[in-house]
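**Q** Let's have the full structure, built from the sequences with the hints guiding it.
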Amino acid sequence: MKIQNERGSILFGGLVAITIVLGVLYFYFDSRLEISRIVRNRHYFKAHLDSLIASTRSSLLSQQAYLNTIRSPLNKLGADLESCLNNPAFDCPRGTFRFSVVDEAGVTLIDSSSNNNGWDIFLRPCTTFQSTLTTCVIQYEMLWTPRCPPAGACYNPEIDVTGQVKFPASPNPDVNFDPASFNSTFTLR
Numbered sequence: 001m002k003i004q005n006e007r008g009s010i011l012f013g014g015l016v017a018i019t020i021v022l023g024v025l026y027f028y029f030d031s032r033l034e035i036s037r038i039v040r041n042r043h044y045f046k047a048h049l050d051s052l053i054a055s056t057r058s059s060l061l062s063q064q065a066y067l068n069t070i071r072s073p074l075n076k077l078g079a080d081l082e083s084c085l086n087n088p089a090f091d092c093p094r095g096t097f098r099f100s101v102v103d104e105a106g107v108t109l110i111d112s113s114s115n116n117n118g119w120d121i122f123l124r125p126c127t128t129f130q131s132t133l134t135t136c137v138i139q140y141e142m143l144w145t146p147r148c149p150p151a152g153a154c155y156n157p158e159i160d161v162t163g164q165v166k167f168p169a170s171p172n173p174d175v176n177f178d179p180a181s182f183n184s185t186f187t188l189r
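Just so you know, this note's numbering puts 33 at position 33 of the sequence shown, and the rest follows in order with no gaps.
The hints are simulated quantities; they were obtained by calculation from the structure and are not laboratory data. Honestly, I wouldn't trust all of these hints.
For lysine to aspartate or glutamate, the following EDC-like pairs were computed, each having C-alpha atoms within a straight-line distance of at most 20 Å [stated by the list, open to error]: (1) Lys46 with Asp178; (2) Lys76 with Asp160; (3) Lys76 with Asp91.
Restraint-style ranges between C-beta atoms, simulated for each label pair [as the list claims (entries may be wrong)]: (4) Lys166 with Phe12: 54 to 60 Å; (5) Ser114 with Val24: 44 to 50 Å; (6) Ala180 with Gly23: 40 to 46 Å.
Owing to the predicted nature of the structure, the values given are computational and were not obtained by experimental measurement. Think of the CB as a built atom: it goes at the ideal place given N, C-alpha and C, for glycine as much as any other residue.
**A** Below, the structure written as structure tokens:
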């Protein structure tokens with residue numbers, strides 16, 4: 001009977017050890033898979049964000065997209081971009097104004113008209129960027145500023161446009177990367 005108890009103790013101890021080893025292996029591989037998922041999502045997101053920014057820039061090289069952009073009601077909030085660029089009698093106001101990009105088909109690619117506009121991790125537009133606990137994880141804010149003389153009227157100025165990636169206060173780990181690498185600056189005339 002004593003031999004059976006020793007066998008049972010050894011068998012029970014072995015099962016406990018195997019369970020502990022399997023548990024440690026499970027958590028190890030689970031954490032490795034999670035890290036791999038986060039890295040994969042970051043690469044996916046960066047590639048799509050690169051593509052979006054490139055299509056924004058190339059849209060402005062197209063005559064129709066350029067006209068759609070400067071005529072967009074979204075670019076008349078605060079100041080009239082079209083009048084600043086095309087009306088020689090229009091005194092363009094000084095300041096910095098929100099800039100939105102519209103493609104050849106009239107689809108808004110970048111809508112900077114509100115602080116709440118942004119994209120989710122799949123780059124679908126969303127309007128909850130400033131709220132807490134949101135899936136709206138990134139914003140590409142574009143602004144335009146007329147190059148006016150230090151004093152006097154500001155007629156037909158060149159327009160400087162800047163783009164900057166922004167994250168909410170507590171960024172999603174799937175898209176946490178250096179946003180400065182996506183900043184852009186160009187001039188309209």
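**Q** Now look at each hint and say whether the structure bears it out.
**A** Comparing the hints with the structure gives:
For the given pair, lysine 46 sits about 10 Å from aspartate 178 by alpha-carbon distance, which is consistent with the 20 Å threshold. Restraint check: the Cα-Cα separation between lysine 76 and aspartate 160 comes to about 16 Å, which is no more than 20 Å; the hinted pair holds. With a C-alpha separation of about 14 Å, the suggested pairing of lysine 76 with aspartate 91 holds against the 20 Å cut-off. The supplied range of 54 to 60 Å is met by lysine 166 and phenylalanine 12, whose beta-carbon atoms lie about 57 Å from each other.
Distance hint check: the CB atoms of serine 114 and valine 24 are about 49 Å apart, consistent with the given range 44 to 50 Å. Between alanine 180 and glycine 23 the beta carbon distance is about 42 Å. The supplied range of 40 to 46 Å therefore holds.
Comparing the model with each earlier hint shows no violations; every hint is respected.
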